[in-house]
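Asker: Letter by letter, the chains look like this.
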Amino acid sequence: MPSTSRRASSRGLLERLFRTYYQSKPALILPPDMELREFALQPFGSSIYIRHLAFSSYGELLAYITRERVPLHLYYSSAKYEYPEAPNMEDKKWLGSDLVFDIDADHIPGCGATEFSFCPRCGHRAKGDEAGPRCPSCGAELSRVSLVSDECIKSAAAQAGRLVEFLRRDFGISQVSVYFSGHRGFHVHVPCEEECASLNSNARREIVDYLRATGIDVRSILGYWEGRRGGRPVPPSPRDPGWRGWIGSYIEGLLGGGIPSLDELADLAYEAVAGLRVEVDEKVTIDISRLVRVPNSINGKAGLLVREVEPRSLKGWTYSLSELSPYRGRVRIRALTPIDIDTGGYHVEAERGETLEVDAPIGVYLACKGLAVLTSIEGVKLG
Amino acid sequence: MSELAAIDYAKYPYLADVRRFIEEHYPGLSFEAILERDNRVLARAFERIEQAVSQGRVGEPGTYTYVEEVLAYYASIILVSLSTSRWLADRYALAEAERSYLHMVGEPSETLVSLARLLGIKARHSTTSIRIFKTRRGGYIVRMYPYAIHFSDYLRLASRLTGDPSWKLVNQPLLGGWVYIDRKARFARLLKEAVQTRVREQIRLVEEVPPPLKPLADRVSEILSKYGRTPGRGVFPEAPDRVEPEAYPPCVAEIHAKALRGEHLSHHERFAIATFLLNIGASVDEVVDVFRNMPDFKEKIARYQVEHLAGLRGAGTKYRVYSCEKMKSLGICRADCGTRTPLSAYYRNLRRMRRKTEAVEG
Ligand SMILES: [Zn+2]
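Taken in sequence, the protein lines are chains W and Y.
Whatever position you read off the first sequence (first residue = 1), add 955 for this note's numbering.
Whatever position you read off the second sequence (first residue = 1), add 5 for this note's numbering.
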């Protein structure tokens, strides 16, 4: 029992930190038509989402999340509704949805998350999915942890950069906002006023397939049918429309002096497609009533801000906890399991049960990840 | 709109503004008066419907004049809507689109672009081309793209075609928001989809039925029977655009209210409400939502069960709605529907409600 009550009070400290952030009146970025959006949040201490909220101003929203329920996760709908507060979809009356994309580091090829679970009571530790919901030695509920490497988060940033390029060059969409998700991915929002707002799920799936090159017919794109009577293919140019242009930009400079055969060209084109496709999460984009994280809110999975990123700076983007955290100063934490972590500019090693003082960004990160609990937050400042 | 090429309304009658058309060709006369004066219009209207049913394509007007053809089109969609047969409405819309397609592939490209715009599609003429192959003789094979269509319209129109990889967006030359189209037949194929939607929509929106047409619904039924389509069976009443809870018969309304309050429902009650909702055109999502407040609600299981009832799983049987008598014998209903099934009660209530709103607005 003492251990659970200590955890409860630690959860209280985390909640206090989140509340303090929202009480500082942070610049949450809200859509201009916020009164048409459903808001939703997962409060501290509950696995149940509070949904169907509607607010007509920043002040109303802020009052709710600082006084009523402090959000561990805060969202608004990509959809616009006549009655966003109605409890079921039918009554909400859908008016259209923005186009949203999600690139998560653990969906990038070669970037699976490292997952393990441990018992906060006795310390038992198990890899990946090996464990059930409860500890095999003492029966306590297991904590699950999922980590990806910094390199993979950086790859996600690069993919987001490419997504912006695809949207601009191919789809003619230049009004996009890119956000670090506050955990390990990137969200790209396209505000839709007319044409794209009314696209249904199937149409959105076609956009996803385009970006992921699902169902691409490389040989037709290269002129397989036109070339049936012999001759040599004209290599694609970067100026060509569609995937042909992307293939063209990839092979530019790779071709030697001679004109390649169709088969040689096809080999290069497959390589180009594999290297340039964008790993967007299909289920996010095709969902026309998706909840998206409020920019500049805190993502409770890592304690980091959902932060806008200039598309131009995505390529050399660095994953730095101190820049992405709303907190500075120092916190004291107690490790719930052995920790040996190197992430976002911090390195922390600790034995199970060890108490240590660390910078607030990594301390809050470890607490959100469930690897440690906060024991003191007196040294924390905002900003 | 001045750059639009002239459109032959006899080929594309759904594009004509029927009021202005009548004013122009029969100044001072109402549609009703024209129908009474010229029985050729009605004759052609029935001919069009019969061709749609028997051949799946509306035929050419033959000896009928341009003006008669356009008016016959309008008479025919009114008759189709009078039949209240969803099957006929779909069939007729497709038959009109089939005919348009045959005309469109013979039109000059400027006319096709004009047709697209009149159908509300963001389309334009294009001069884009790419060299794709160098022949043995040293010449080039060039891919020409005379048409461009905005990707959002492309996705809307190609939605039923993308099972074929050649229609998937990923295989289209897309640049700056425009999908470039090479062959006329492909552009016309997209327009055909738009025509089908337009005609179906015009049938749905028929409001005023000129009195001379009202007694003719039976003749439409005769056409349906002649080709083995019994209007009474296999032909459903026009589905409303959305489910209207106000029109639920009392038993169904009671079960629905219980579900929303999160009270426990018996197996029979669940079956009754789910099959009822599916039959009046609710989506699987909407039906699953009804059960969301149930104490034992599990999304996956509920969805599986509803999809099963909708005939999307298992043997593909779409389950019939309990009759009112059956519901009474199961003890899940005390009130009287006044009809055999709750479905007919629903449609009856819906018609009454509509009449009421019309009265208020008029
Ligand atoms: Zn244990």
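None of these hints come from the bench; they were simulated from the model.
Be aware that a few hints might be false.
What the hints assert, rightly or not - Footprint (simulated), chain W over chain Y, 3 or more residues, beta carbon under 8 Å: (1) 44-58; (2) 137-146; (3) 283-296.
What the hints assert, rightly or not - Only pairs whose alpha carbons sit at most 25 Å apart, straight line, appear in this in silico DMTMM-like list of lysine to aspartate or glutamate: (4) Lys173(Y) <-> Asp1046(W); (5) Lys1048(W) <-> Glu37(Y); (6) Lys139(Y) <-> Glu1207(W); (7) Lys189(Y) <-> Glu1148(W); (8) Lys173(Y) <-> Asp1105(W); (9) Lys1048(W) <-> Glu312(Y); (10) Lys1324(W) <-> Glu312(Y); (11) Lys173(Y) <-> Glu1149(W); (12) Lys303(Y) <-> Glu1181(W); (13) Lys1238(W) <-> Glu206(Y); (14) Lys139(Y) <-> Glu1148(W); (15) Lys303(Y) <-> Asp1046(W); (16) Lys127(Y) <-> Asp1164(W); (17) Lys1238(W) <-> Asp294(Y); (18) Lys173(Y) <-> Glu1040(W); (19) Lys139(Y) <-> Asp1218(W); (20) Lys173(Y) <-> Glu1120(W); (21) Lys1048(W) <-> Asp290(Y); (22) Lys331(Y) <-> Glu206(Y); (23) Lys1048(W) <-> Asp169(Y); (24) Lys305(Y) <-> Glu1237(W); (25) Lys1336(W) <-> Glu304(Y); (26) Lys263(Y) <-> Asp1046(W); (27) Lys127(Y) <-> Glu1148(W); (28) Lys1082(W) <-> Asp1105(W); (29) Lys1238(W) <-> Glu249(Y); (30) Lys139(Y) <-> Glu1226(W); (31) Lys139(Y) <-> Glu1120(W); (32) Lys173(Y) <-> Asp1236(W); (33) Lys263(Y) <-> Glu1040(W).
We put the beta carbon where it would ideally sit given N, CA and C, even for glycine.
Asker: Are the hints correct? Go through all of them and say.
Answerer: Against the structure, the hints come out as follows:
1. Residues of the stretch 44-58 of chain Y lying with their CB closer than 8 Å to a CB of chain W number 0, which falls below the three-residue condition for coverage.
2. Counting residues of the stretch 137-146 of chain Y whose C-beta lies closer than 8 Å to any C-beta of chain W gives 7; at least three are required, and the coverage claim holds.
3. As drawn, the stretch 283-296 of chain Y meets chain W at 3 residues by the rule of a beta-carbon pair under 8 Å; at three or more, the given contact holds.
4. Restraint check for Lys173(Y) and Asp1046(W): not satisfied, since their Cα atoms lie roughly 34 Å apart, outside the 25 Å limit.
5. Annotation: proposed proximity of Lys1048(W) to Glu37(Y) is violated, straight-line Cα distance about 38 Å (limit 25 Å).
6. Taking the CA atoms of Lys139(Y) and Glu1207(W), the gap is near 18 Å; set against the 25 Å cutoff, the hint holds.
7. Restraint check for Lys189(Y) and Glu1148(W): not satisfied, since their Cα atoms lie roughly 31 Å apart, outside the 25 Å limit.
8. Between the alpha carbons of Lys173(Y) and Asp1105(W) the distance comes to roughly 35 Å, so the proposed pair goes past 25 Å and is violated.
9. Between Lys1048(W) and Glu312(Y), the direct Cα distance comes to roughly 23 Å. Compliance with the 25 Å bound is thereby established for this hinted pair.
10. A C-alpha spacing of about 38 Å is found between Lys1324(W) and Glu312(Y), which places the hinted pair above 25 Å, so the restraint is violated.
11. Proposed proximity of Lys173(Y) and Glu1149(W) is supported: the alpha carbons are some 23 Å apart, at most 25 Å.
12. The straight-line distance between the Cα atoms of Lys303(Y) and Glu1181(W) is roughly 54 Å, outside the 25 Å bound, and the hint therefore fails.
13. For the hint pairing Lys1238(W) with Glu206(Y), the CA-to-CA distance comes to about 31 Å; that exceeds 25 Å, so the pair is violated.
14. Pair hint Lys139(Y) plus Glu1148(W) does not hold up; C-alpha atoms about 44 Å apart against a cutoff of 25 Å.
15. Pair hint Lys303(Y) plus Asp1046(W) holds up; C-alpha atoms about 22 Å apart against a cutoff of 25 Å.
16. Between Lys127(Y) and Asp1164(W), the direct Cα distance comes to roughly 23 Å. Compliance with the 25 Å bound is thereby established for this hinted pair.
17. About 19 Å separates the Cα atoms of Lys1238(W) and Asp294(Y), which keeps this hinted pair within 25 Å; it holds.
18. Between Lys173(Y) and Glu1040(W), the direct Cα distance comes to roughly 37 Å. Violation of the 25 Å bound is thereby established for this hinted pair.
19. The straight-line distance between the Cα atoms of Lys139(Y) and Asp1218(W) is roughly 15 Å, inside the 25 Å bound, and the hint therefore holds.
20. Among the hinted pairs, Lys173(Y) with Glu1120(W) is consistent with the structure: their alpha-carbon atoms are about 20 Å apart, no more than 25 Å.
21. Between Lys1048(W) and Asp290(Y) the CA atoms are separated by roughly 14 Å; this keeps the pair inside 25 Å, and the hint holds.
22. Under the criterion of a C-alpha separation no larger than 25 Å, the hint pairing Lys331(Y) with Glu206(Y) is inconsistent with the structure, at around 37 Å.
23. Our distance criterion of 25 Å between C-alpha atoms is broken by Lys1048(W) and Asp169(Y), whose separation comes to about 33 Å.
24. A C-alpha spacing of about 19 Å is found between Lys305(Y) and Glu1237(W), which places the hinted pair at or below 25 Å, so the restraint holds.
25. Restraint check for Lys1336(W) and Glu304(Y): not satisfied, since their Cα atoms lie roughly 43 Å apart, outside the 25 Å limit.
26. Between Lys263(Y) and Asp1046(W) the alpha-carbon distance is near 18 Å, which keeps this suggested pair within the 25 Å criterion.
27. Distance check on the hinted pair: Lys127(Y) and Glu1148(W) sit about 16 Å apart at the alpha-carbon level, within 25 Å; holds.
28. For the given pair, Lys1082(W) sits about 20 Å from Asp1105(W) by alpha-carbon distance, which is consistent with the 25 Å threshold.
29. Distance restraint check for Lys1238(W) and Glu249(Y): the Cα-Cα separation of roughly 30 Å exceeds the 25 Å cut-off, and the hinted pair is therefore not satisfied.
30. For a cut-off of 25 Å, the pair hint linking Lys139(Y) to Glu1226(W) stands: about 23 Å separates their Cα positions.
31. Simply put, Lys139(Y) and Glu1120(W) have alpha-carbon atoms about 31 Å apart, too far for the 25 Å limit, and the pair is violated.
32. For the hint pairing Lys173(Y) with Asp1236(W), the CA-to-CA distance comes to about 19 Å; that is within 25 Å, so the pair holds.
33. For the suggested pair Lys263(Y) and Glu1040(W), the alpha carbons sit about 21 Å apart, so the restraint of at most 25 Å is met.
The structure does not agree with the numbered hints 1, 4, 5, 7, 8, 10, 12, 13, 14, 18, 22, 23, 25, 29, 31 stated previously, though it agrees with the rest.
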